[in-house]
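Q: Listed below are the residues making up each chain.
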Amino acid sequence: MEAIFWRSIRNAWVVGSNPISGSILATVGSARGGVRGDLYACPAARVVARGGVPIQLGGVERRGEDGAAADASRGATADAHEHAHGLEPWLRARGWQLFPHQREVLRIARDRSCVVVAPTGGGKTLCGFLPVLAELDHADPVPGLQALYLSPLKALTADVHRNLLGPLEEIGSSVRCEVRTGDTSAHRRRAQRERPPHLLLSTPESLALLLSHADASRTFGRLRYLILDEIHALADNKRGDLLALQVARLRRLRPELRVIGLSATVADPAQLQQWLRPEDPDAVAVIDAERYGVRFRPPRIELYCPEDRLPWAGHGATHAVPAIAARIRAHRSTLVFVNTRGQAERLYQQLVEELASAPDPPPIGLHHGSLEKEDRLRAEAAMARGEWRALVATSSLDLGIDWGEVDLVIQAGPPKGVARLLQRLGRSRHRLEEASQALVIPAQAMEAVEAVAAIAKVRAHQPDNDLRREGSLDVLVQFLIGRLASAPATRAELWEEVTSAGPYAALTREDFAEVLAFSRDGGYALGAYPDFQRIREDEEGCLSLRDARVARQHRMNIGTIVGYPLLRVQVGRGKGIGEVEERFVQQLRPGQCFRFAGRVLRFEGIRDGTVKTSPARSTAAVIPAFAGGRLPLSASLAREVRAILADRARWDSLPAQVERWLRKQAERSAVPGWDEWLVETFPRAGRYYLVIHPFAGRAAHQTLGLLLSRRLESLGAEPTAFVANDYAVAVQSLQDPLPTEDPSTLLSPDILEAEVEEWMADSYLLKRTFREVALVSGLIDRTYPGRKKTGRQVTFSSDLIYEVLRRYEPHHFLLRTTEREARRGLVAWDRLAEELRAVDNRYRLQRLDRVSPFAVAPVLEVGQEPVDGSALDRLLDLREEEVLAEAGLTEGPAA
Amino acid sequence: MKIGFGGAEWELRSSGALWWPAGRALVVADLHLGKAESLAAEGYVLPPHASAETLARLEREMAAKDPRRVVCLGDAFHDGDGVQALPRDQGRRLAAMADGRDWTWITGNHDGRGLRRAGRECGPRGPRPPAPLRGTVADELWLGGVRFQHQPDPPGARDAAPTVFGHFHPKRRVILGRRRLSRPAFLWTEEVLVLPAFGALTGGLEHGHPELVGLLGPAPRAALLWRDRVVRV
Chain A
-4 MEAIFWRSIR NAWVVGSNPI SGSILATVGS ARGGVRGDLY ACPAARVVAR GGVPIQLGGV
56 ERRGEDGAAA DASRGATADA HEHAHGLEPW LRARGWQLFP HQREVLRIAR DRSCVVVAPT
116 GGGKTLCGFL PVLAELDHAD PVPGLQALYL SPLKALTADV HRNLLGPLEE IGSSVRCEVR
176 TGDTSAHRRR AQRERPPHLL LSTPESLALL LSHADASRTF GRLRYLILDE IHALADNKRG
236 DLLALQVARL RRLRPELRVI GLSATVADPA QLQQWLRPED PDAVAVIDAE RYGVRFRPPR
296 IELYCPEDRL PWAGHGATHA VPAIAARIRA HRSTLVFVNT RGQAERLYQQ LVEELASAPD
356 PPPIGLHHGS LEKEDRLRAE AAMARGEWRA LVATSSLDLG IDWGEVDLVI QAGPPKGVAR
416 LLQRLGRSRH RLEEASQALV IPAQAMEAVE AVAAIAKVRA HQPDNDLRRE GSLDVLVQFL
476 IGRLASAPAT RAELWEEVTS AGPYAALTRE DFAEVLAFSR DGGYALGAYP DFQRIREDEE
536 GCLSLRDARV ARQHRMNIGT IVGYPLLRVQ VGRGKGIGEV EERFVQQLRP GQCFRFAGRV
596 LRFEGIRDGT VKTSPARSTA AVIPAFAGGR LPLSASLARE VRAILADRAR WDSLPAQVER
656 WLRKQAERSA VPGWDEWLVE TFPRAGRYYL VIHPFAGRAA HQTLGLLLSR RLESLGAEPT
716 AFVANDYAVA VQSLQDPLPT EDPSTLLSPD ILEAEVEEWM ADSYLLKRTF REVALVSGLI
776 DRTYPGRKKT GRQVTFSSDL IYEVLRRYEP HHFLLRTTER EARRGLVAWD RLAEELRAVD
836 NRYRLQRLDR VSPFAVAPVL EVGQEPVDGS ALDRLLDLRE EEVLAEAGLT EGPAA
Chain B
208 MKIGFGGAEW ELRSSGALWW PAGRALVVAD LHLGKAESLA AEGYVLPPHA SAETLARLER
268 EMAAKDPRRV VCLGDAFHDG DGVQALPRDQ GRRLAAMADG RDWTWITGNH DGRGLRRAGR
328 ECGPRGPRPP APLRGTVADE LWLGGVRFQH QPDPPGARDA APTVFGHFHP KRRVILGRRR
388 LSRPAFLWTE EVLVLPAFGA LTGGLEHGHP ELVGLLGPAP RAALLWRDRV VRV
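Protein chains in written order, with our numbering: chain A, -4 to 890; chain B, 208 to 440.
Check the hints yourself; a few may be wrong.
What the hints assert, rightly or not - Restraint-style ranges between C-beta atoms, simulated for each label pair: (1) B:A263 / A:G569: 44 to 54 angstroms; (2) A:E748 / B:L412: 55 to 65 angstroms; (3) B:G424 / A:G569: 52 to 62 angstroms; (4) B:P294 / A:E748: 34 to 44 angstroms; (5) A:R842 / B:A270: 49 to 59 angstroms; (6) A:R486 / B:R231: 54 to 64 angstroms; (7) A:E748 / B:G424: 15 to 25 angstroms; (8) A:E748 / B:A263: 29 to 39 angstroms; (9) B:H416 / A:H806: 33 to 43 angstroms; (10) B:A270 / A:T503: 23 to 33 angstroms; (11) A:G569 / B:E397: 37 to 47 angstroms; (12) A:P250 / B:L412: 51 to 61 angstroms; (13) A:R584 / B:A270: 17 to 27 angstroms; (14) B:D273 / A:R679: 35 to 45 angstroms.
No lab work stands behind these hints, which were simulated from the structure alone. A quick note: this is a predicted structure, and the numbers were derived from the prediction, not measured. For every residue, glycine included, the Cβ atom is placed at its ideal position computed from N, Cα and C.
Construct the complete structure from the given sequences, taking the supplied hints into account.
A: Written as structure tokens, this is what we have:
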């Protein structure tokens, strides 16, 4: 059964088809017609005609006729009557009843916190609001903030707001419901602090700001409910760290606070309990919607494989462009997901050209995070109205709003993770009578295996997200300063508060002391700045901020998302169409063309901090490199890929040509068993290649590639280059890399210790991570895109600070935090170490006389991608010396 | 790297210093000593080692060249009060370097007022900096037919003499394949030479900034600092 939150046995209007916030509100007889943003409100007849929303209607009607369901709901009515609540008369008047899991939320949330887990697209947001809506006296609500709703996306907040206003109006409620995000005017924000609404919808960053004010205890003094939406998308990253700390802070301010977490299906709901309440996870109830009849319906997923030959290498979905175009024509509404913004730009262009080659091309659009917000909203609205037939999108559409009308989801490129694929497929699951359709298009043979593995896991409904996490210390610094800005506290109080946040439950006393020391005065060995400590301690051991300046500086820098400087792109004299990274623009020469927002633009120059462009027609346009576009291959999906490879019985589940490709690999080299690494060496074009296939993800492979290169260098093999992808790493050298038969000499676990210090120090990955740590911990100020620096802001090259610190205090808190972050982030040290341990010297060495089928992709990959520079950064790091030498720029190490 | 400027020969040093062999004079611009300390008052906790690092660089230059004359081309101190608030050990290091050398503190926009105020005490050759600093304070200086000044006078007031400036912390960008490097650089024309900042924690102004273009034109000669050498680009 599809998730339907409200149902009517009468004819209904369906308001809202947003499964996260809406789909939910069926109101009778309201005259709210037309489309408001992404919200539908249409008469039933029209809904049926539109084809998207009748899912709900169909469900409603069928359920009404279904005897068993009717019985169940009679029981439900009686049960609901037991807990009479403010919504009851309203529900009764409309002949509506709540669903079992909604009743459960109402029951549980009266005195406990809970986590509601429902499949993606199952719709849960309104669940979170039920208890507070039921408890409030709508005629005469108690003054003060009663419920706070937080979502990771501003757009979601606005959407939920719209969907709440409807029923509140219906009830004739006097409850005030407002939004507060970075877009809210200063005037309104002040008013909200002075006289809070009853319901406030916001984001974690806006909450951090609210909590940093001295009146926080007053603002939240009457708070009953904290509703956290999409926590599965936050719990495994720094934003989640900050949010967990804020939840702990709110619980301290309001011990009776009930937290309602809303999450998509996760591998292990206990991780969410732990995240919310580490000291007593069982105090948080888990309400799994699937146990209450909301079933996950696997979509019909098809794996696309071209008839002629699936490429062995490459990333683009170019081979499938005609097929994608044909599907778009055959469906009403299609979402095409790709993994990077660069791929989105390219595929969009290819599709436009392909569609234009036949008469009457259907209009399609482009959607990614660098585009102007208004343009993204316009694209979403055009899809919602059915004017556009397809949207090429990145993870910018993973969360959030959808339209109910999408009848096909295409994943172009490898899915990289089961949870992500589920999330994306969920964008279309809104039909009861016909299963939604999905198409996964691998770009190359190994990606086809990955796709098969992911589809198998989706069918089995086994998400792979791992939400266990040790909180970042730079985030903790930020929280502590904000915490002390709102009210003084002793060390003991802070410790208790901090460790009651899931990610910091295992914080050590030493780390906590260091975080405090850094927050106070930088924690330098010299005990520098005695006169300028940011935190003061009185005789009773109570800590407080030195002055308002420190608090102001903190508020200016709240947040954990650290981007690179961006510049707005303007066409002619028009308004902006989006933002690109400054470093991309700096490589452009005036007159050069680039592709952005689905258009070809001629670069004219940078004026007033804006990239000036004019429309152009060149076909030789470059695509901007966007940072952070690469999605990591999840560990559990990688295991599944290896399991398929190792089990010949499962090769039948693969497309025939992929199976042939595997047989060829088995014949010419070997297919690795599930617990071993395949190591291949072969000569090619005057060079030697060493290709190792650990399936450990690109980042870990790049690190392994760097370490191998260093080791091969010292063994005299003269490595010249290497390349890594998600499945393998290939090192090119002038001499035979493995003159002995035993790869374990090359791969012995001590490879992780040898020479590491030196390498770590010099790596730009460390510098990049340091920058993030420096910004999040408030060492230096953020600069905001498009906004001029204010006179107060202090900008520094974080690289210079890094170098000075390394020289004078190599063990400083910031450097150790940087290393810790890099190990689990860009450097993927932890994953590599884990994989090395797991393989435990089981290497399968194949000495070949030529490249094997598996090795084709990595060997050819260098320079395969036209731009997407971020992924090549590390390679460039290694090559920099070479290039500089050509330009006559190298000489010896840094002085 | 050696260049001709204003009729004399000069060496551009990889430290960012300018060396005049004929007069055995070393010129360094924008040390910004005490910058981190001064920002600490604002609530920032930057590493306090920048000044020490800057002094260490300066000491290395003393050892390498043993100059007879040293010119600090303005903004040696991040703020005026920094002149007197210099930690004692750093003051001693500066004094030790100045010992036996002819040392000139050119006033800059950051430290001008502080230096002038502190330097009211006049020696035989003009104002003197406060102890433990040694040398003299001046708004400009002439060496080898070249004028040394921290920053240009307002437009129109400038005479035609070749002048060496600091103040701008110039940087220069080079693009190597897909790689972009932005490093501190010397920029010069027939008339004007701008020195990179010598201080360890000093940001920079990319060439292309209107102020620099106004002073040097769109395409000045440039030499950037790369590791331990100076590269003409």
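Q: Has the hinted range 55 to 65 angstroms been met by the Cβ atoms of E748 of chain A and L412 of chain B?
A: violated, 43 angstroms
Q: Please test the hint of 33 to 43 angstroms on the beta carbon pair from H416 of chain B and H806 of chain A.
A: Holds - the Cβ-Cβ distance for H416 of chain B and H806 of chain A, about 38 angstroms, lies within 33 to 43 angstroms.
Q: Using the C-beta atoms of A270 of chain B and T503 of chain A, is the stated range 23 to 33 angstroms upheld?
A: violated, 45 angstroms
Q: Starting from the range 54 to 64 angstroms, see whether the pair R486 of chain A and R231 of chain B falls in it by beta-carbon distance.
A: holds, 58 angstroms
Q: Do the beta carbons of D273 of chain B and R679 of chain A sit within 35 to 45 angstroms of each other?
A: violated, 57 angstroms
Q: Could you tell me whether the CB distance from G424 of chain B to G569 of chain A stays inside 52 to 62 angstroms?
A: Given about 33 angstroms between the Cβ atoms, the range is violated.
Q: With respect to the beta-carbon atoms only, verify the hint that A263 of chain B and G569 of chain A lie 44 to 54 angstroms apart.
A: Holds, at about 53 angstroms.
Q: Quick check: does the Cβ-Cβ distance between E748 of chain A and G424 of chain B fall within 15 to 25 angstroms?
A: violated, 54 angstroms
Q: Using the Cβ atoms, figure out if P294 of chain B sits within 34 to 44 angstroms of E748 of chain A.
A: holds, 39 angstroms
Q: CB of E748 of chain A to CB of A263 of chain B, is that within 29 to 39 angstroms?
A: holds, 31 angstroms
Q: The hint says 37 to 47 angstroms between G569 of chain A and E397 of chain B; measuring C-beta to C-beta, is that right?
A: The hinted range 37 to 47 angstroms holds for G569 of chain A and E397 of chain B, with Cβ atoms some 43 angstroms apart.
Q: Using the C-beta atoms of R584 of chain A and A270 of chain B, is the stated range 17 to 27 angstroms upheld?
A: Check failed, 44 angstroms falls outside 17 to 27 angstroms.
Checked against the numbered hints above, the structure breaks hints 2, 3, 7, 10, 13, 14 and satisfies the rest.
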